[in-house]
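Generate coordinates for the entire structure from the input sequences, incorporating the hints supplied.
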Amino acid sequence: MAKPKEFTIQESVSTLETLRKQQTVFRIEKRLIWLIELKQKRFKTRHELAYYLGVSTRAQERWAIKYQQGGIELLLSDKPKDIKSRIITKEIHQGLE
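Counting from 1, one number per residue, gives the positions in the sequence shown under this note's numbering.
No lab work stands behind these hints: they were computed from the structure.
Some clues are possibly wrong.
[What the hints assert, rightly or not] Below, simulated DSSO-like cross-link-like pairs (lysine-lysine); rule was C-alpha separation at most 27 Å, straight line:
(1) Lys44 with Lys30
(2) Lys39 with Lys90
(3) Lys66 with Lys30
(4) Lys66 with Lys39
(5) Lys41 with Lys30
(6) Lys41 with Lys21
(7) Lys44 with Lys21
(8) Lys66 with Lys21
(9) Lys66 with Lys79
(10) Lys90 with Lys79
(11) Lys79 with Lys44
(12) Lys90 with Lys66
(13) Lys79 with Lys21
(14) Lys66 with Lys44
(15) Lys79 with Lys30
[To be verified] Restraint-style ranges between C-beta atoms, simulated for each label pair:
(16) Phe43 with Thr15: 18 to 26 Å
(17) Arg20 with Gly95: 44 to 52 Å
(18) Glu48 with Phe26: 15 to 23 Å
(19) Gly54 with Thr89: 32 to 40 Å
(20) Thr15 with Gln69: 17 to 25 Å
(21) Thr15 with Arg86: 34 to 42 Å
Note that the coordinates shown come from a computational prediction; the quantities given were computed from them, not determined experimentally.
For every residue, glycine included, the Cβ atom is placed at its ideal position computed from N, Cα and C.
Structure follows, in structure tokens:
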């Protein structure tokens, strides 16, 4: 199994803790806890961290990609996905109306 790609967390632990306290959505707070734990290197493996957070290692991979692409802003954003339905086409939807 390949080792997960390492990346640098730009924010300090105190900044991350402050952001964490401001969160009202637990799902987003978990992402901040994840960054804090990675920064502090409290866990030996990402599997242990995933178990601690109650998420999958795949979720951590997606969070890492988001963080690398857009920083903390993208990681904490909770925008709806722009995925078109593969089942209901526009024509079918119009026919249902």
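Comparing the hints with the structure gives:
Among the hinted pairs, lysine 44 with lysine 30 is consistent with the structure: their alpha-carbon atoms are about 18 Å apart, no more than 27 Å. Straight-line distance between C-alpha atoms of lysine 39 and lysine 90 comes to about 46 Å, which puts the hinted pair past the 27 Å bound. For the hint pairing lysine 66 with lysine 30, the CA-to-CA distance comes to about 14 Å; that is within 27 Å, so the pair holds. About 17 Å separates the Cα atoms of lysine 66 and lysine 39, which keeps this hinted pair within 27 Å; it holds.
Among the hinted pairs, lysine 41 with lysine 30 is consistent with the structure: their alpha-carbon atoms are about 16 Å apart, no more than 27 Å. Between lysine 41 and lysine 21, the direct Cα distance comes to roughly 21 Å. Compliance with the 27 Å bound is thereby established for this hinted pair. The hinted pair formed by lysine 44 and lysine 21 meets the criterion: a straight-line CA distance of about 26 Å does not exceed 27 Å. Of the pairs offered as hints, the one joining lysine 66 and lysine 21 holds, with about 21 Å between alpha carbons and a cut-off of 27 Å not exceeded.
Distance restraint check for lysine 66 and lysine 79: the Cα-Cα separation of roughly 12 Å lies within the 27 Å cut-off, and the hinted pair is therefore satisfied. Under the criterion of a C-alpha separation no larger than 27 Å, the hint pairing lysine 90 with lysine 79 is consistent with the structure, at around 23 Å. As the CA atoms of lysine 79 and lysine 44 are separated by approximately 32 Å, the hinted pair breaks the 27 Å bound. Between lysine 90 and lysine 66 the alpha-carbon distance is near 30 Å, which puts this suggested pair outside the 27 Å criterion.
As the CA atoms of lysine 79 and lysine 21 are separated by approximately 21 Å, the hinted pair is consistent with the 27 Å bound. Proposed proximity of lysine 66 and lysine 44 is supported: the alpha carbons are some 22 Å apart, at most 27 Å. Note on lysine 79 and lysine 30: the hinted pairing holds, with a Cα-Cα distance of about 17 Å set against a maximum of 27 Å. Between phenylalanine 43 and threonine 15 the beta carbons are some 21 Å apart, a value that agrees with the proposed interval 18 to 26 Å.
Distance hint check: the CB atoms of arginine 20 and glycine 95 are about 48 Å apart, consistent with the given range 44 to 52 Å. For glutamate 48 and phenylalanine 26, the Cβ-Cβ distance of about 20 Å falls inside the hinted range of 15 to 23 Å, so the restraint holds. A beta carbon spacing of about 37 Å between glycine 54 and threonine 89 agrees with the range 32 to 40 Å that was offered as a hint. Between threonine 15 and glutamine 69 the beta carbons are some 20 Å apart, a value that agrees with the proposed interval 17 to 25 Å.
Between threonine 15 and arginine 86 the Cβ separation comes to about 41 Å, which falls inside the hinted range of 34 to 42 Å.
Checked against the numbered hints given earlier, the structure breaks hints 2, 11, 12 and satisfies all the rest.
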